[in-house]
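Protein sequences, first through last, are from chains C, V, S and F.
First residue of the first sequence: 470, per our numbering; consecutive thereafter.
First residue of the second sequence: 470, per our numbering; consecutive thereafter.
First residue of the third sequence: 470, per our numbering; consecutive thereafter.
First residue of the fourth sequence: 470, per our numbering; consecutive thereafter.
I should point out that these hints are in silico values taken from the structure, not numbers from a laboratory.
For each residue, glycine too, the CB sits at the ideal point set by N, CA and C.
Each hint should be verified, as a subset may be incorrect.
Pair by pair, the computed Cβ-Cβ distance ranges are [claimed, not checked]: (1) Glu867/V <-> Gly795/S: 21 to 29 Å; (2) Val705/S <-> Glu867/V: 26 to 34 Å; (3) Gly676/V <-> Ala547/C: 54 to 62 Å; (4) His806/F <-> Gly943/C: 28 to 36 Å.
Number of protein chains: 4
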Amino acid sequence: MNEMSTRPWPAGDDDKFHEECGVFGVWNATDAAALAALGLHALQHRGQEAAGIVSLDEAGIFHSHKGQGLVGDNFGDAKVMASLRGRAALAHNRYATTGETALRNVQPLYADFAFGGFAVAHNGNLTNAHGLRRALVQRGCLFQSTTDSEVFIHLIAISLYSTVADRLIDALKQVQGAYSLVALHNGAMIGARDPLGVRPLVLGRLGGAPGEAEGGPGWVLASETCALDIVGAEFVRDVDPGEIVIVDDAGVRSIKPFGRQQSRFCVFEYIYFARPDSVVEGTPVYGTRKRIGAELARESGVPADVVVPVPDSGVPAAMGYAAEAGIPFELGIIRNHYVGRTFIEPTDQIRHLGVKLKHSANRPALEGKRVVLVDDSIVRGTTSRKIVEMVRAAGAREVHMRVSSPPTTHSCHYGIDTPERAKLMAAQHDLEGMARIIGVDSLAFISLDGLYRALGKPGRDMERPGFCDACFTGDYAIPLTDAMGNAADRQLSLLQVSQ
Amino acid sequence: MNEMSTRPWPAGDDDKFHEECGVFGVWNATDAAALAALGLHALQHRGQEAAGIVSLDEAGIFHSHKGQGLVGDNFGDAKVMASLRGRAALAHNRYATTGETALRNVQPLYADFAFGGFAVAHNGNLTNAHGLRRALVQRGCLFQSTTDSEVFIHLIAISLYSTVADRLIDALKQVQGAYSLVALHNGAMIGARDPLGVRPLVLGRLGGAPGEAEGGPGWVLASETCALDIVGAEFVRDVDPGEIVIVDDAGVRSIKPFGRQQSRFCVFEYIYFARPDSVVEGTPVYGTRKRIGAELARESGVPADVVVPVPDSGVPAAMGYAAEAGIPFELGIIRNHYVGRTFIEPTDQIRHLGVKLKHSANRPALEGKRVVLVDDSIVRGTTSRKIVEMVRAAGAREVHMRVSSPPTTHSCHYGIDTPERAKLMAAQHDLEGMARIIGVDSLAFISLDGLYRALGKPGRDMERPGFCDACFTGDYAIPLTDAMGNAADRQLSLLQVSQ
Amino acid sequence: MNEMSTRPWPAGDDDKFHEECGVFGVWNATDAAALAALGLHALQHRGQEAAGIVSLDEAGIFHSHKGQGLVGDNFGDAKVMASLRGRAALAHNRYATTGETALRNVQPLYADFAFGGFAVAHNGNLTNAHGLRRALVQRGCLFQSTTDSEVFIHLIAISLYSTVADRLIDALKQVQGAYSLVALHNGAMIGARDPLGVRPLVLGRLGGAPGEAEGGPGWVLASETCALDIVGAEFVRDVDPGEIVIVDDAGVRSIKPFGRQQSRFCVFEYIYFARPDSVVEGTPVYGTRKRIGAELARESGVPADVVVPVPDSGVPAAMGYAAEAGIPFELGIIRNHYVGRTFIEPTDQIRHLGVKLKHSANRPALEGKRVVLVDDSIVRGTTSRKIVEMVRAAGAREVHMRVSSPPTTHSCHYGIDTPERAKLMAAQHDLEGMARIIGVDSLAFISLDGLYRALGKPGRDMERPGFCDACFTGDYAIPLTDAMGNAADRQLSLLQVSQ
Amino acid sequence: MNEMSTRPWPAGDDDKFHEECGVFGVWNATDAAALAALGLHALQHRGQEAAGIVSLDEAGIFHSHKGQGLVGDNFGDAKVMASLRGRAALAHNRYATTGETALRNVQPLYADFAFGGFAVAHNGNLTNAHGLRRALVQRGCLFQSTTDSEVFIHLIAISLYSTVADRLIDALKQVQGAYSLVALHNGAMIGARDPLGVRPLVLGRLGGAPGEAEGGPGWVLASETCALDIVGAEFVRDVDPGEIVIVDDAGVRSIKPFGRQQSRFCVFEYIYFARPDSVVEGTPVYGTRKRIGAELARESGVPADVVVPVPDSGVPAAMGYAAEAGIPFELGIIRNHYVGRTFIEPTDQIRHLGVKLKHSANRPALEGKRVVLVDDSIVRGTTSRKIVEMVRAAGAREVHMRVSSPPTTHSCHYGIDTPERAKLMAAQHDLEGMARIIGVDSLAFISLDGLYRALGKPGRDMERPGFCDACFTGDYAIPLTDAMGNAADRQLSLLQVSQ
């Protein structure tokens, strides 16, 4: 899901990539909404700004609760949980943009169709949503949100097909872009991935407690395996690219309306997004990150006294690097996990202390040392510069930055909140320039081939790379229809709500 | 506006009629939203459960704020008011039903059409909304609220006409029921009353400060004249039954697409709903109520020591009665105006104290007296019974109830929240039975002819009564299409939102 | 209770007197806290800014809940009410000043003494509180609030007497000023009035449900009889000036430690503060107000077409005036009771609309008429001026103001929030000047003797007036010790709390 | 600071020790309150339940804001920060018990003394507070909180000395227990540590921006050096055991009224409480923890495939263990840092999933492995048992628990929230029993001598250990006066507040 925007590319508010969403669905389970809340909690890293759950009860009534903030802040109330009745539920975590649009854009989206209620949760981004929306509004469709995901709803509503599955397929055939979605109607839970399988989606099965089966097993669809683990569901398989799975009381059926295409799974899920204990597309994330670190050490080793990760995301790569390089791994930077929702409005005097709210230097581990800093990526470079400054202020003699991704030179159009190209440091500067900007003695990124080697390939196959790596290569496998269009057409709503 | 309901007739939570809404619109005024808030405040008696304002700024952007509760509780915040930019605004007070549906049903409703933004506020109730909604959903329209008013929005969205006014007329021609509505789009403010003019709507003109004109005068549309007074607007005229007025920078235009029909203005506005200082359809409310009281004294005089109103609504009729009968008018019942939103969850021991939260007996004015109690209406009879009990407990020797409306024997389908017939005391009991139930020594209602006499007619003209008095006569001038249909078809939304 | 202040005299934020408090205590009743909430509700007119209840359970544990705003807003929650366990409770309504001090100053005050818990609620104002506080702080006592009432607590804490009653008497003997207080400890409820009986306090007895006795009757102490009525308590008697009543399971005992003094009950309770249905010091309020109106008509009659009250407080006097003068009583001003806690931050353009939030002119009742306006008092004159302006704008031909109190020339030091003398219109201008300022054709106040006649006396006895009328006469019967002192000494707390 | 309790020993709500507080004071700095908020943020690990800041402005007025929850949740509001005016501030983080007492117990405490305002923040626990409180109440002192810290306030208030410093020393001489406190009055900031220096306190100096000096340097007192780092203060020195430092515009003065005693600094600060990047009592925490891990490996090595920390606190010890043992260090357990304030009310079905909200197993790193799990301590054993279970469920072949503290056999009375002895696993079971309970193949704790060796000593000197290790040894260096007394005397307040 992505908020459609008049800005060419939506921009995050700090110097990191942001995954836009986590999705979770459960079918045929006691306490379905509680399982959904747990699943969302395990997927919290995919979106911390808003969360929503829709449940479906035995009488065909849907129950919804959504809120800003963490899962645990919104679904801890016993009354709320009790209101989310039923044995099926759908849930969504959002990395939201700020401001008035927030509430009406929180998913799952819901609609009363002629054939009954329907809810959908979407991870990804559609690349022809603006054009579709324009055409739908022209036809008399009234949009309530400014998310691209709402076009699914209207396309389904106006489809001339009769079954829900056929209407959904009809809708999917009209959209372009990346999507992993889970939908719920009175009769089935449906999962779908776009034909290239850019965003992840896995299927799990509930055996015993807590979601024990009544008249058959329970089923879970989720963005990552860590959400299966927390609810005690057994991993069954990844949903295939272009596959639609229909889960109902008869079991799981699969439809593949798009034929066979080569997968282009998002390689950044391995580098940064996915939780280290998840297994994505058959490969454990944690081990992959350590292997990338080891590749990095082989490619760009440098004499040093300590290898220090930028926590938490840089830790596994730093461990791999340290082991390969034979240099001690040290926690030279401590992360403060207690950062609240808001913090001090900084005055001029304290503004430059900002970055230290999250990270602090562990001086005794850095003082007088030659330090290899390992981070997962550099986007704008501002955070890196501040961290390097902090490490030097703590007495490091040399600072060598090693990055476990190739240089990020292009924006993502498939669901990751990346700044526009003009703000990507690697799109504007060569290696030497970047090193100077962030203030390091040396700088190296993993090579594209090195990254693919860590993923078990001999290198990047230019014809059939097997992953989406557009942010490093500009090789956009799905057409960027809206991006080619007229930015002036992108005004989506004339309403601004004061909440 | 009315929440469409699966219940045959929506039922209020206490023993009074409830007007469902007040509407207010302003065009071409400095501080338009502030004027709208003041106008809503003056119309607060028409709905206390929720309030909303939508403004329209010079750039064509709409700004919205809605909330539960009183106007003063929602529009006192300087930030909120500052966000409601522009020289035009639309506002709505709601008497809402409780529960989850509240927030999405708060008006004004807004939609992004292909031709731009559009907001509408509606007072009244449509009698064929269920059928229209079913057809629209069948066509692929997605409803967001459960109010009947939303059908206006969709009918406009799918209209094949090109101008906004034509689309609105197209929509109005398809609906049945009572409506006074004000709409706003980038270019004009539009007011409309249903062909029989059941609900009120007046036009006013802003001269000097505070809403002084820039390049022409400002204009106001409101449910009652008291809302013109508070913003310093001059009363121009009532909007006619079936008239559509279009207010734009060129001035006020009038369209009458429904031809000429006999007016059936709601007579209960005179008896209870309208504020006493309003002038409705050319006649001051306060004086009318005193005349009804005087008629009542002539029709059903009884020897007594004091005439006591049930405050506040019974006061003018009691004054008229007392003057005509030559019996002293006394404040024998004191009303406590500080009743908060919620109050004590009554235990069994204190439940019977409930009614006393609003009223208390002024014992010295009642003790040993023969009391004529004057009230405006009796719906279920439960409140009346408790008040009579309280008056007797304070020492009244005799209690004679005189009611300034005829017996309420039928439910309203045109925008007033009335209980179903089975709960209307006058539909179930004769005069004697009612007197026994509420515990009075005598009971009398104004006669239908007496009521019309107080309104300046010789009596009720059975052919052309000139007012809607269906709640007393069952003479429903607008077809009750939905009410004839199948109650099972009235399920509007399968979603329940926990807020 | 009064917030001690560095300002010479505390000043209200609008142009009315404000009673500072209502007190209510109940002993030996089922649902004691619920009865206390009802009692507070009936006393809501004595203070709308904050409310608090402390209950005492069988185990000797006290339970407390306090909040800003109306009783109904704070004591409607079932969990809150359930937490207020026990068969005894103490409650307090406050007319509070704004700002940070609010919360810590909300009563009842509570303290853990060596002999157990103790709670107290106070209506009135101490005139030597600053000096006592200074001495107590010098001794090492730590004050938590800035209310004068807290000196009671510390004086009791450090008293060398052993019983609670003796400690309380010891404390009372050291304070000067006006107080009606109710206290609660494990063993008894205690009521006390200052030796001159300036503020009211009544004793009631609970018979049957809802606060039915278990092992003896229940007892109530309250500021006014209307609070007895709402809980179904029978009026027993006023507590005498200087009397201490001790209510425990053995019944009611009386102590009169101050000897016999002449009563100086606050005459303004009759004019404005008390609820019209209360009987204070044996005399019904409603009838007294009507008699004052009749006196006023006799003293200062003027040819006119209508007598119009400034609602709600001016209504009974206007009725008395109208009846005596034989001029019709009309509701020429309508009061809007829906004024929320806050309202629009007025811009310059709408600031002058301010007063109309509460009152609106009923034009048809005023147009072309010679109007006698009846109000209870004039303080600063600003509100009166705006109301007269509004009445004239509605078309009144003449406006004659008649006031049911003598000119307010002095500030109250005994518990009423009055502006300093410099802001009292009657202290600065003669009758003619006042008439000019408020813009009336004629102005008259009731005479002092006329007021006493309406109270059943032959006139004011200069030696033994029998009432406190210091605000009209400057005859302060209780020494104004603090007011004589150095204003610089009145800084009470160096702490400002941001809530 | 500790909430005084009727329970023999306060008990935490989960299976970890809890440090009760962090304190921070700043003198002579621009944006003093903002620095205090940053300092609190750096000390957030010492208390997450409530936070408070009191500032002192140039006019001698104190400004206070306190709230439940994280620093960032309470001090992010610009209005709040703007209200905390002045160049000096005092701040406190609290690990609070739940329930009604929370708000009145949040520090800093403040009092208006005869000599002016006074605020104090306290880390530690007094062991004779009950007795002192009883005596003070007997004398007429009224307590507002139920914290032991309030006795400081009253002892100062009633002291017969004249200077603030002398009154504070007078008070300190009467208390027993552990305390590091910072106080603020108009004239000076004062820091004090108890004679044995059980709890930490450091002094720092502000040079340039952001808290640049005006007429002299600024000064900081804080629980740990990490709070100096975040505000850019230079570490000056630890405050000595028994030392009182007085910081005013003349600089820093030192008073040592207790003579010279042997330090008994809390050894658990090294093991668990202090942040790894802090330097406490001259020794870096991070290095110490790694040395403890290495000692543990030497003492209790076991053949294994991986060393896995229980994150985050077990990480440095696990790194030390792994390096010493030559076994790979792996992140076999992932910690979820997004745990909100509340979470799902667990139904029976999902209750056993509870522990997984914080930790999840990284299956690929554990499957088929012999695992050494390293944790910092075991209190009740319940968390350990669940973690071991989770690790086994993820496929671990063997699980060996190694603990970087000796067995916790005694409760702490000096400021750490420990369960009573009966709930300490090590107080009730031998090593074998413990291993069976938590379900491991082997279990070992660091030895007492090993711990001292890691701290640079040859072992524990039984005569002069140099640290407080009472929780491992029962060697309580400060008398436990209250604990010896009668539990029935420990009722502190009879008031329960519903908030």
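Against the structure, the hints:
no.: 1; hint: Glu867/V <-> Gly795/S: 21 to 29 Å; verdict: holds, 28 Å
no.: 2; hint: Val705/S <-> Glu867/V: 26 to 34 Å; verdict: holds, 29 Å
no.: 3; hint: Gly676/V <-> Ala547/C: 54 to 62 Å; verdict: holds, 57 Å
no.: 4; hint: His806/F <-> Gly943/C: 28 to 36 Å; verdict: holds, 34 Å
The structure agrees with every numbered hint stated previously.
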